[in-house]
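Asks: From just these sequences and the hints, can you work out the full model?
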Amino acid sequence: MYCQLPADYLPSPEAALITGITPQKAMQEGLSEPEFIAKIHAELSKPKTTSLGYNSIRFDDEVTRYTCYRNFIDPYAWSWQNGNSRWDLLDVLRACHALRPEGVEWPENEDG
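All residue numbers for the sequence shown refer to our numbering, where the first residue is 10 and numbers rise by one.
Where hints are given, some of them may not hold.
Claimed, not checked - Calculated cross-link-like contacts (lysine to aspartate or glutamate; reagent style EDC-like; alpha-carbon spacing at most 20 Å):
(1) Lys-55 <-> Asp-83
(2) Lys-57 <-> Asp-97
(3) Lys-48 <-> Glu-23
(4) Lys-57 <-> Glu-38
(5) Lys-57 <-> Asp-70
(6) Lys-55 <-> Asp-69
(7) Lys-57 <-> Asp-83
(8) Lys-55 <-> Asp-70
(9) Lys-48 <-> Asp-69
(10) Lys-57 <-> Glu-44
(11) Lys-55 <-> Asp-97
(12) Lys-34 <-> Glu-44
(13) Lys-34 <-> Asp-17
(14) Lys-48 <-> Asp-17
(15) Lys-55 <-> Glu-44
(16) Lys-34 <-> Glu-23
Stated by the list, open to error - Label pairs and their in silico Cβ distance ranges:
(17) Gly-112 <-> Glu-42: 40 to 50 Å
(18) Asp-69 <-> Asp-120: 19 to 29 Å
(19) Thr-31 <-> Lys-57: 28 to 38 Å
(20) Thr-31 <-> Arg-67: 23 to 33 Å
(21) Trp-115 <-> Asp-17: 20 to 30 Å
(22) Glu-44 <-> Glu-119: 42 to 52 Å
(23) Glu-44 <-> Glu-111: 45 to 55 Å
It is worth saying that the hints were derived from the structure and are not from the lab.
No experiment lies behind these values; they were computed from the predicted model shown.
By construction, the Cβ of each residue, glycine as well, lies at the ideal position given by its N, Cα and C atoms.
Replies: Here it is, written out as structure tokens:
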């Protein structure tokens, strides 16, 4: 699922190269922002849904909230109503490393 770009926005060429999503593809196959966030919100709002990600609390959740707010959708309800929750694995891994580093085999390279 893609979101169409606003008419006054130029995407980063590097982002298009990394993701493989060209502005043309987003415009042809994408939904308008209100339709896009309504679908995302509907999925995240299903009862007993746990949103799980890596650094999601500091990035993905903030983008989702801002987009909901911009489209007149409650930006917080999806994350706690109906028994919903959210987890950020980055913080779980940080806790594992801090509290029991021997419990996980942490890969290391020349830089540590």
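Asks: Now tell me, hint by hint, if it's right for this structure.
Replies: Each hint, compared with the structure:
A C-alpha spacing of about 14 Å is found between Lys-55 and Asp-83, which places the hinted pair at or below 20 Å, so the restraint holds. At roughly 17 Å between alpha-carbon atoms, Lys-57 and Asp-97 fall within 20 Å of each other, so this suggested pair holds. Taking the CA atoms of Lys-48 and Glu-23, the gap is near 27 Å; set against the 20 Å cutoff, the hint is violated. Of the supplied pair hints, the one linking Lys-57 and Glu-38 is violated, its CA atoms being roughly 30 Å apart against a limit of 20 Å.
For the suggested pair Lys-57 and Asp-70, the alpha carbons sit about 17 Å apart, so the restraint of at most 20 Å is met. Taking the CA atoms of Lys-55 and Asp-69, the gap is near 18 Å; set against the 20 Å cutoff, the hint holds. Simply put, Lys-57 and Asp-83 have alpha-carbon atoms about 18 Å apart, close enough for the 20 Å limit, and the pair holds. Only pairs whose Cα atoms come within 20 Å are accepted, and Lys-55 paired with Asp-70 is accepted, the gap being roughly 16 Å.
Of the supplied pair hints, the one linking Lys-48 and Asp-69 holds, its CA atoms being roughly 15 Å apart against a limit of 20 Å. Straight-line distance between C-alpha atoms of Lys-57 and Glu-44 comes to about 23 Å, which puts the hinted pair past the 20 Å bound. Straight-line distance between C-alpha atoms of Lys-55 and Asp-97 comes to about 19 Å, which keeps the hinted pair within the 20 Å bound. With a C-alpha separation of about 17 Å, the suggested pair Lys-34 and Glu-44 falls inside the 20 Å cut-off, and the hint holds.
For the suggested pair Lys-34 and Asp-17, the alpha carbons sit about 17 Å apart, so the restraint of at most 20 Å is met. Simply put, Lys-48 and Asp-17 have alpha-carbon atoms about 23 Å apart, too far for the 20 Å limit, and the pair is violated. With a CA separation close to 17 Å, the supplied pair Lys-55 and Glu-44 stays within the 20 Å bound. Between Lys-34 and Glu-23 the alpha-carbon distance is near 15 Å, which keeps this suggested pair within the 20 Å criterion.
Evaluation of the 40 to 50 Å hint for Gly-112 and Glu-42 yields a pass: the beta carbon distance comes to about 43 Å. A hinted range of 19 to 29 Å for the beta carbons of Asp-69 and Asp-120 is consistent with their spacing of about 27 Å. For Thr-31 and Lys-57, the hinted distance range of 28 to 38 Å is satisfied, since their beta carbons lie about 37 Å from each other. Roughly 28 Å separates the CB atoms of Thr-31 and Arg-67, a value that falls within the hinted 23 to 33 Å.
Checking the proposed 20 to 30 Å range against Trp-115 and Asp-17 shows it is violated: the Cβ atoms sit about 45 Å from each other. The beta-carbon spacing between Glu-44 and Glu-119, approximately 48 Å, falls within the hinted interval of 42 to 52 Å. Between Glu-44 and Glu-111 the C-beta distance comes to about 49 Å, which sits within the given range of 45 to 55 Å.
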